[in-house]
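Engineer: These protein sequences, in sequence, are chains D and V.
So in the numbering used here, spot 79 of the first sequence is number 79, and the numbers just go up one at a time.
So in the numbering used here, spot 56 of the second sequence is number 56, and the numbers just go up one at a time.
None of these hints come from the bench; they were simulated from the model.
Watch out, some of these pointers could steer you wrong.
[Unchecked claim] With the C-beta cut set under 8 Å, the calculated list includes, among others, these residues of chain V facing chain D:
#, residue
1, Met100
2, Val103
3, Phe119
4, Thr121
5, Gly122
All C-beta atoms, glycine included, are put in the ideal place defined by N, C-alpha and C.
The residues making up each chain are set out below.
2 protein chains.
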Amino acid sequence: MTLQDIANALVEGCRTGKELENLDRLYHPQAVSVEAADYSGAGRETVGVDGIKAKHAWWDSAFEVHSADLEGPFLHGDDRFAVIFEMDATEKATGERMPMREVAIYHVADGRIVREEFFGTG
Amino acid sequence: MTLQDIANALVEGCRTGKELENLDRLYHPQAVSVEAADYSGAGRETVGVDGIKAKHAWWDSAFEVHSADLEGPFLHGDDRFAVIFEMDATEKATGERMPMREVAIYHVADGRIVREEFFGTG
């Protein structure tokens with residue numbers, strides 16, 4: 001798959017609720033996910049697809065999502081692409097509604113996503 | 001200046017037409033600018049603020065800008081931030097109107113922008 005193929009597949013998967021299938025299909029098993037800030041207090045990096053899946057599961061359990069949208073992909077050279085994510089969600093524990101927009105950068109090597117990095121407004 | 005200070009100053013300068021002052025004030029003299037693709041045929045990288053200024057001058061001479069907007073900054077850790085740019089411009093030579101959106105990633109070291117990378121939709 002070319003960078004454009006992988007980027008299109010990632011975006012299509014996010015649009016159709018197939019984020020977990022994306023992880024198995026498009027990511028290297030040792031891919032690294034890096035948050036914009038150390039929200040959890042346990043550091044910004046998660047190493048490995050299993051850890052990234054656990055992060056998704058935590059998110060799904062902690063937030064109620066009202067709407068989600070994305071824009072992209074935007075390509076850079078032959079090894080990175082960006083996606084803009086928008087989400088309107090409520091944290092279940094606090095009832096706080098948090099509209100969010102963030103930029104994600106994906107690094108690709110040998111036809112797999114090896115690193116995802118999130119940029120946020122804090 | 002913190003990363004947030006630099007990011008805010010970059011965005012404010014772009015909003016107020018002070019891109020060239022941004023380059024002198026916020027960039028390392030040897031900063032590198034990397035395009036999404038090799039549009040010019042001369043490579044994707046421009047090294048040094050003087051070269052980046054020449055790129056701005058070329059752009060200003062080649063395009064008529066109808067409107068421009070941006071969103072951000074979005075921060076990542078303590079050394080990078082993203083900005084989303086939107087521009088509606090016409091290439092003077094061809095008369096072709098080209099609405100554009102791109103994501104820019106800025107790398108900061110020792111209080112200066114040392115690298116800017118553009119991500120495009122091609």
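Engineer: A separate judgement is required for each hint: does it hold in the structure or not?
Structural biologist: Quick rundown of the hints versus the structure:
Annotation: interface hint on Met100(V) violated; nearest CB of chain D at approximately 11 Å, more than 8 Å. Because the closest C-beta pair between Val103(V) and chain D is about 4 Å apart, less than 8 Å, the hint holds. Satisfaction of the interface hint for Phe119(V) is found here, the shortest Cβ-Cβ separation to chain D being roughly 4 Å, below the 8 Å cut-off. The restraint placing Thr121(V) at the interface with chain D holds, with a minimum CB-CB distance near 6 Å, inside the 8 Å limit.
A least Cβ separation of about 6 Å between Gly122(V) and chain D falls short of the 8 Å threshold, and the interface hint therefore holds.
Of the hints listed earlier, the one the structure fails to meet is number 1.
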